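Q: Protein chains in written order, with the numbering used here: chain A, 1 to 254; chain B, 1001 to 1254; chain C, 2001 to 2312; chain D, 3001 to 3312.
Hints were generated in silico from the structure; no laboratory data involved.
Be aware that a few hints might be false.
[As the list claims (entries may be wrong)] Label pairs and their in silico Cβ distance ranges:
#, chain 1, residue 1, chain 2, residue 2, range
1, A, 1, D, 3092, 53 to 61 Å
2, D, 3088, C, 2289, 44 to 52 Å
3, B, 1067, A, 36, 46 to 54 Å
4, D, 3202, B, 1221, 28 to 36 Å
5, B, 1224, D, 3158, 27 to 35 Å
6, C, 2302, B, 1124, 33 to 41 Å
7, D, 3282, A, 125, 28 to 36 Å
[Claimed, not checked] Within a straight-line C-alpha distance of at most 27 Å, the following computed DSSO-like cross-link-like pairs (lysine-lysine) qualify:
#, chain 1, residue 1, chain 2, residue 2
8, C, 2286, D, 3308
9, C, 2179, C, 2104
10, B, 1065, D, 3308
11, B, 1065, C, 2061
12, D, 3248, A, 65
13, B, 1204, C, 2285
14, A, 204, D, 3061
15, D, 3179, C, 2285
16, B, 1132, C, 2061
17, D, 3179, D, 3218
18, D, 3248, C, 2286
19, B, 1204, C, 2030
20, C, 2308, B, 1204
21, D, 3308, A, 129
22, A, 204, D, 3308
23, C, 2179, A, 65
[To be verified] Listed next, the stretches of chain B that the computed footprint assigns to chain D, with coverage defined by at least 3 CB atoms under 8 Å from CB atoms of chain D:
#, segment
24, 1128–1140
25, 1232–1242
Remember, predicted model here, so these are calculated numbers, not experimental data.
Ideal placement from N, C-alpha and C gives every residue a C-beta, glycine not left out.
Chain by chain, the residues:
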Amino acid sequence: MDQQHALQEYLLRLGDSSMILGQRLCELCGKAPAVEEEMALMNVALDLVGQARNWYEYAAELEGKGRSADDLAFRRDAHEYRNLLMVEQPNGDYAVTMARQFFYDTWHYFTLQGLANSADERIAGIASKALKEVTYHLRRSAEWIKRLGDGTEESHQRMQDAVELLWRFTGELTTADEVDTSLEAAGIAPNQQQLASDWQGMVKEVLTEATLELQPEDAWMYMGGKQGTHTEHLGFILAEMQFLPRAYPDATTW
Amino acid sequence: MDQQHALQEYLLRLGDSSMILGQRLCELCGKAPAVEEEMALMNVALDLVGQARNWYEYAAELEGKGRSADDLAFRRDAHEYRNLLMVEQPNGDYAVTMARQFFYDTWHYFTLQGLANSADERIAGIASKALKEVTYHLRRSAEWIKRLGDGTEESHQRMQDAVELLWRFTGELTTADEVDTSLEAAGIAPNQQQLASDWQGMVKEVLTEATLELQPEDAWMYMGGKQGTHTEHLGFILAEMQFLPRAYPDATTW
Amino acid sequence: MSPEERNFQEKIDAEVKIEPKNWMPEAYRKTLIRQISQHAHSEVVGMLPEGNWVTRAPTLKRKLQLMAKIQDEAGHGLYLYSAMETLGASRDEEIQKLHEGKAKYSSIFNYPTLNWADMGTVGWLVDGAAIVNQVVLQRTSYGPYSRAMIRICKEESFHQRQGYQILLDLMREGTEEQKQMVQDSINRLWWPSLMMFGPSDDQSPNSQQSMAWKIKRKSNDELRQMFIDQTVPQLEFLGCTAPDPDLKWNEERGHYDFGEIDWQEFYDVLKGNGPCNRERIETRKKAIDEGTWVRQAAKAYAEKQQQKQQAA
Amino acid sequence: MSPEERNFQEKIDAEVKIEPKNWMPEAYRKTLIRQISQHAHSEVVGMLPEGNWVTRAPTLKRKLQLMAKIQDEAGHGLYLYSAMETLGASRDEEIQKLHEGKAKYSSIFNYPTLNWADMGTVGWLVDGAAIVNQVVLQRTSYGPYSRAMIRICKEESFHQRQGYQILLDLMREGTEEQKQMVQDSINRLWWPSLMMFGPSDDQSPNSQQSMAWKIKRKSNDELRQMFIDQTVPQLEFLGCTAPDPDLKWNEERGHYDFGEIDWQEFYDVLKGNGPCNRERIETRKKAIDEGTWVRQAAKAYAEKQQQKQQAA
C-alpha cells in the first residue's frame, strides 16, 4: 500500500471517529442526567468535532482534489466513512454512553500519545493539542465507569450490561490492519502492539476498580468500520447530519 | 386567491399528508405489537403512499414546470410541505399511533367522500378509488380506539392520554382557510362546515363508545401545517426520507 | 414398525400428503414444527433488514414495491405460523423460543443492509436462494406446509424478479456510484446467500431422516449447486462479479465450481455471533414485549363484547 | 419599617449590593429566587431549540459555534442555579416546579426552530432581547445575581454578534433560498422576541416593588422600546423586514413606533398553550427522571469513597 494512500485513510479514521462520536454526543443535548453533564458532554463533543476539523483539513490538503474539510464531513456517504464501529453505536442509557466513551477515550488517548511523536510533524502538532483535551475526556469517562460500576446495584447492573453490549466493538480498537502497520513502519502511526496492550491494561484496571466483570478475551469481535463497512446506524446519522449541505447544494456559505 | 394556485396547494395538502403518515407507519416496520399488525400497518401505509403518488402526479402536471411526483416527494424541504401537523407527530406507543390514525382517517374519509363528487374529474377519480381503501382504514382505527379505550385499565389510560396528547392537532382538521373555502366555492373541495361537523360527530361517537372522555371544544389548537409552518419533527422525517435522492443528485434512475 | 407407522410411511412413499388429523410419528411432528416455525420466524425477522431501508427508498415506485414486499412477508409469516399450529404447536411459545435464542431463523438476516442496492440483492440472491429451497418444499409430505409453500413461492418469485430488476436498472442506467453500490452489495451478500443452504451434506446429521419423510427432498449441497448454476448467468448478465476467485464453469461436471465457504463464519453466525443477531432479536423481542398491553387489551375487549352479545 | 428593613432599603438606595449573609425581607428573597430560577430554567430550556439543529449544522465552523454556545448556556444555567442557592433555595425543588408547570421560563423557547436561519435569529433577536434585560440587571441589587449577570452578559453579547453574523452572511452571500430562510425566520421570531419583555407596564403588577428593590431597574415597556430602537437599524442593514406594518421611525418621540402585540398569544403561551410548551417540559422532565439512577449512583459512589478515605 503506498504511503500517501495509507495516510489518507488513517487521517479519515481519526477524523471520522471524532466526528461521529461528537455527533452522537450532540444528540444528547438537553437530555443528559444533570446540567453539569450537559455542559461536560457538549464540551467533549466540541473538542472532538474541533479535532475532526483539524484531521479533515490535513486530509483534504493531502488529497489535493479541491475538497474542503466540510466536503469530507458533509459530502461522503456511509461507505466512504472510516470511523470505528464503536462510535456510531446509539447512545443508549448513560451507562452505554459512558462505556462507549471510555472504550473510545482509552484508545484515543494512547493513539494520540503515540501520534504526538509522529514523524509527520503536522500530525504530531494536531495530536499534541488534542492529547490535552483527551486526557480530560479519559479521566472523566473512567471516573464515570467507576461511579456507575461501583455505585448502586442498579447502576452496577446497567454498566455491566453496557460493557457486555459494547465489547464486540472493542476488537477494532486493538486490531491493526495494513494501513496501521504500514504507517507504524514509517514512524507515522504509533506502535500497534503497544497501543493494544496499553488499551487492554487501562481497561482492565478501570473495570476492575469499578467492580465490573472483565469480558472474555476470545470474544467474537465485530469489525469493518475502519475499512468502510459499517453497522446499520451510520446511514441514519449521516442522513441527519448532512441534510442541509445536501438539500441546498448551491449554497456556498452558511 | 387564484384557483390554480389554490388547487396546487390543496393537492399538496392531500399528497403530503398521506405521504408523511405513510412514512411514519414505515418507521414501525418490525416493531408492531403483533404480526397481524405488521401486515395491517404496512398495508395502510402502502395505500397512503400510493394515494400520495396519485395526488403528486396531478399536482406536478398542473404545475407544468417539469417536476415529477418524485421531485415533489423527495426534493422539497419542510417549509414547502403542506401536510397536517397531526400526521408528522411521532408514533409514540400504540395508543398514540392509533389515535393519530383515527383522527386522520376520520378527516380523510369525509374529505374523500366529498372529493369523490368533485367538479374536478381527475380529483373525483383519485378520491373514489382512495375512498375504498380509507373506508377500511377508518373501520380499523375506530376499532382500535374501542379496543384500547374499552380494553384493560392500562390500555384505557394510555388511550385517554393519547387522545389528550393529540387533541391540539385536531383543530387543523376542522378549520378551513382560504384555500379550502375558495375550492369549496368552485365545487372542487367538499363543504367545509359539513366536513367539520361530520368529523366531530364520528369522533364523538367512537370516543364515547370507547368509554373515553371527550376533550374540551374550546381547547387551544396548534395549526399551521397546511400553510407550511410545521412542528420540529418534520425536518427529521424529511432528512431520512430524502437522503438518497439528495445524496446522489446525478442519479436519474433507481 | 407399528401398523400406524407403516401406513404413514406408505403414504409418504406414495406421495400422499399427510394432513393434520392423520397419525404421524412424534419425531416427524417435532421436525416439522421446528422447520416451519424457523421458516415463519425467518419471514418476520426478514422484514427488519428491509425495514431498515423502507423509510429511505429513493423513489415512490421503489418505496411502494418495498412496502408491498414487506407486507407479503408479514403475510407469509402469518400463513406459516398457521400451518405450524395445525401440528398442535403454540405460536406464542415458538416466538418465545426465538426471543430466548433457542429457535433459529435464516442466518442471512443477521447481516446488515448497508446500501440501497441491498434491496435489490436481497430480492435477487436471498429470495432466490429461498425459492430454490421452497420450490422443492412445494412437494413436501405435510399437506398444510406444502400448500403454504405453493402460495409463498409464487410471491417470492415475484419479489426475486423485482429485486433483480432493481440491480439491472442500476447497472444499466445508474451512475458510477450506483453501479459501485451494486457490486459492493453483491460482495457482501454473496457468501451469506450460499450459506443459506446450510452445512455441507457430510455435516448435516438430520437430513437423512427428513429425506425419508420427504420433509426435505434434496440435500443442502444439491440445492446450493442448483442455486449457483442458475445465479451465475444472471450475475454475468448484470455485468458484476462474485467475490469468489474459484467460481468457474466446469464443463465436465456440467456445473459451476466454487470456492470453499467460510464455515467458521457460518457457525459463528449460527451461534449468535453475526453482525446483527443481537439487534434483530432485540428488535423483535421489544416489539412483542411492548405490545403485551395492546394484545391484552384486544383480548379483554373481545371478551367484553362476547359477554355483551351473550347477555343480549 | 423595622430597623433591619430601614438599613436594607438604605443600602439599596445607596447602590450597595445585598450579599447572601445580609438580612433581607422575605418577599425580596422570594422574588429573587423566582426571578433567578426562571432565568436559570430559561438557560437550560433554551438549549433545546438549539439542540434541535446542533445535529444538523451545515458546516464544521457553524457546528462548533453552536456547540460552544450551547455549552455556555449550560454553564449559565449552573451559574444561575448557584446564585439562587445562595438565597437558601434548593435547585432540585425549583427544577421540580419547572417540571410540574409551576415555574416559568422564557416563553420564547416554546416556539419551534424550523430552519437553520433560526440559529442566527435566536442569537440576534432572542439573545439580543435577553441582553437588553440583562445589561440593566448587571446593576441589580443582589450581589451574586449582579455578578452572574456581568459574566453572562459578556458571553451573550458574543453569541448575539455571532447570530447576527450568520444572518448577514446568508443575506450577503446566500442563495435565494437561504435569504428566504432568513426572512421566514424573522417573520416567525419577531413578535415572540418582543414578548420577551413581558406584559405592558399597566399589566405588570409586581414591577413596582421590584423597581424599588432595584431587582428590576427599568419597566417592561422601556426595555422593549430600547430593544426595538437598537434592533430596527440592524434589521434594515440585513435587508430584511419585520412582520409589522406599523413599525416606523417617530421623529417626535425619537423612537420607533410599533404595532400592538398579540396579547392573547402571549397569555396563551404563558398558560402552556404555545407550540412547544409540552415538548420542552417533557424533554427536560424525561432527562431528569431518566437520570435519577445516574445521580443516585454518583452519590452512592462518593459516599463509599468517603468512607474508604475515613477508614484509611
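Q: For every hint, state whether the structure bears it out.
A: Tested hints:
Distance hint for residue 1(A) and residue 3092(D): a CB-CB separation of about 57 Å, consistent with the stated range 53 to 61 Å. Remark: the range hint 44 to 52 Å for residue 3088(D) to residue 2289(C) is upheld by a beta-carbon distance near 46 Å. Between residue 1067(B) and residue 36(A) the beta carbon distance is about 50 Å. The supplied range of 46 to 54 Å therefore holds. Residue 3202(D) and residue 1221(B) have their C-beta atoms about 29 Å apart, which keeps the hinted 28 to 36 Å range intact.
For the pair residue 1224(B) and residue 3158(D), the beta carbons lie near 33 Å from each other, so the given range of 27 to 35 Å is met. For the hinted restraint 33 to 41 Å between residue 2302(C) and residue 1124(B), the CB-CB distance of approximately 39 Å keeps it satisfied. The given range of 28 to 36 Å is broken by residue 3282(D) and residue 125(A), whose C-beta atoms sit roughly 46 Å from each other. As the CA atoms of residue 2286(C) and residue 3308(D) are separated by approximately 41 Å, the hinted pair breaks the 27 Å bound.
Between residue 2179(C) and residue 2104(C) the CA atoms are separated by roughly 34 Å; this puts the pair beyond 27 Å, and the hint is violated. Distance check on the hinted pair: residue 1065(B) and residue 3308(D) sit about 76 Å apart at the alpha-carbon level, beyond 27 Å; violated. Taking the CA atoms of residue 1065(B) and residue 2061(C), the gap is near 21 Å; set against the 27 Å cutoff, the hint holds. Proximity of residue 3248(D) to residue 65(A) is assessed by CA-CA distance (about 52 Å); at most 27 Å being required, the pair is judged violated.
At most 27 Å may separate the alpha-carbon atoms for a hinted pair to count; residue 1204(B) and residue 2285(C) exceed this at roughly 36 Å. The hinted pair formed by residue 204(A) and residue 3061(D) fails the criterion: a straight-line CA distance of about 38 Å is larger than 27 Å. For the given pair, residue 3179(D) sits about 48 Å from residue 2285(C) by alpha-carbon distance, which is inconsistent with the 27 Å threshold. Between residue 1132(B) and residue 2061(C) the CA atoms are separated by roughly 21 Å; this keeps the pair inside 27 Å, and the hint holds.
Between residue 3179(D) and residue 3218(D) the alpha-carbon distance is near 36 Å, which puts this suggested pair outside the 27 Å criterion. A distance of roughly 60 Å separates the Cα atoms of residue 3248(D) and residue 2286(C); the hinted pair therefore is violated under the 27 Å criterion. Between residue 1204(B) and residue 2030(C) the alpha-carbon distance is near 51 Å, which puts this suggested pair outside the 27 Å criterion. Restraint check for residue 2308(C) and residue 1204(B): satisfied, since their Cα atoms lie roughly 22 Å apart, inside the 27 Å limit.
Annotation: proposed proximity of residue 3308(D) to residue 129(A) is violated, straight-line Cα distance about 36 Å (limit 27 Å). Under the criterion of a C-alpha separation no larger than 27 Å, the hint pairing residue 204(A) with residue 3308(D) is consistent with the structure, at around 22 Å. A C-alpha spacing of about 23 Å is found between residue 2179(C) and residue 65(A), which places the hinted pair at or below 27 Å, so the restraint holds. Only when three residues or more bring their CB closer than 8 Å to a CB of chain D does the claim for the segment 1128–1140 of chain B stand; here the count is 0, and the claim is violated.
Given as covered by chain D, the segment 1232–1242 of chain B passes the check, having 3 residues with a CB less than 8 Å from a CB of that chain where 3 are the minimum.
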